[in-house]
Amino acid sequence: MERDDIIEYSLEAHHSEEAGRKIRKNIWQVTLLMAIITTVEVALGAYWKEWFPGSWGMVKWTFIVLTLVKATYIVMSFMHLGDERRNIRAIILLPYGLFILYLLFIAIWESNYVYRMLELFL
Amino acid sequence: MAGEASKALSNDVLWGGGRSPFSISYGKLMMWFFLVSDALTFSGLLVAYGFARHAVMDPWPIGEEVFRALPFLHGSYPLIYVALMTAILIFSSVTMVLAVEAGHRMDKKGVIKWLFLTVIGGAFFVGSQAWEWSHFIHGGGGYITAQDGAKYWVHNDTHDTHDPANAAGFHLVKAAPGHYLIGDHNSEGGHVEGAEAKALWDDKVAYIDGANMVRNEYGPPQYGNFFFFITGFHGFHVFSGVIVNIIVLSMVVKGVFHRRGHYEMVEKAGLYWHFVDLVWVFVFTFFYLL
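Sequence lines, in order, name chains Z and Y. Once you know that position 18 of the first sequence is 17 in numbering that gives the first Met the number 0, the rest is easy, because the numbers rise by one and skip nothing. Once you know that position 115 of the second sequence is 114 in numbering that gives the first Met the number 0, the rest is easy, because the numbers rise by one and skip nothing.
A hint or two may mislead.
What the hints assert, rightly or not - To give a feel for the contact side, a few chain Z residues facing chain Y, derived at Cβ under 7 Å:
| # | residue |
| --- | --- |
| 1 | Ala12 |
| 2 | Val64 |
| 3 | Val68 |
| 4 | Tyr72 |
| 5 | Ile73 |
For the record, the hints were derived by calculation from the structure and aren't laboratory data. Here the structure is a predicted model, which means the values were calculated and not measured. Each residue gets a CB set at the ideal place from its N, CA and C atoms; glycine is no exception.
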């Protein structure tokens, strides 16, 4: 059942042995970076009390920033979204980004309100 | 790399019909759309977790105080086990991206090797999560709520949770204010033994041991519920991913994709697998670290 009207886009992704070596080197570099980030996160989580007494807020933001760095590398490098065309990057990331910002805003706003109401009446 | 050859297309040709303006196959595009919708589901769960944590007035447990055990070992190892699980999952993501790379070179043996390691890593992760659930559900002895509302941790030598008051070495440790899991060992009246402990036990308002959907010894009920839902939903994704990877691996071994001329199916399964890893990175931060 061969069809000749289907373009095999995946064939364009084939690469040579030499290009493969470069790509593999890049993969291992990203791996090393992620391992370092995770180690830093665990160390901060386990010892932040001794290292940064009273500054939990700063550690929290460090976690969030490091997580976003890791997520960027997973999506752009491991999932190859960084190598796709710009238009596919946009239709994947923009709607999601807009929606998640809205979701975060609404959750923080409403939970603050609920907390204040509980504080007032309980 | 992927799509490299088609980057040179001009915009007129691109939207002129005849080929996908995204230079990407239907299957891969649909996998991306599925992942976006699935990402929103997980975002919903994590945002709901944040909402509950923010709105609940009781102190919320801290990950490093809840998850501090290792299998076969005694003592306190805060977050080490979860970090190990994270490392396993990230490593299996790396082997998956190496399998995809081998597929781009039509290297069947390489694909088999790396995909097999990915399946092993995924199985290890699911097994680790089963142990963690078991540990979470059984708990560490539980606490009682006294008549005056104070919380006391229940201890005995044999870790008996059915009749702890009559077990050898029974004693109570008052919970530190603002914490569920940390005992107030040093202050006066923090350590209760003998007849006094027995009296507190007999007059208790409630005894909570381990975790279920209604209550748990770690914190507010919502904490246990979100633990089960978020890690459970993610664990189900990992389990499905392992099954998908096994099916794709068997097709690779049979040579289905080699005959087809490309290993795009490995790439699609890989997208799903990386997504599972991506979700865990966020669960790790927002559930365990913060």
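Hint by hint, here is what the structure shows:
no., hint, result
1, Ala12, "holds (4 Å)"
2, Val64, "violated (10 Å)"
3, Val68, "violated (10 Å)"
4, Tyr72, "violated (10 Å)"
5, Ile73, "holds (5 Å)"
The earlier numbered hints that this structure contradicts are 2, 3, 4.
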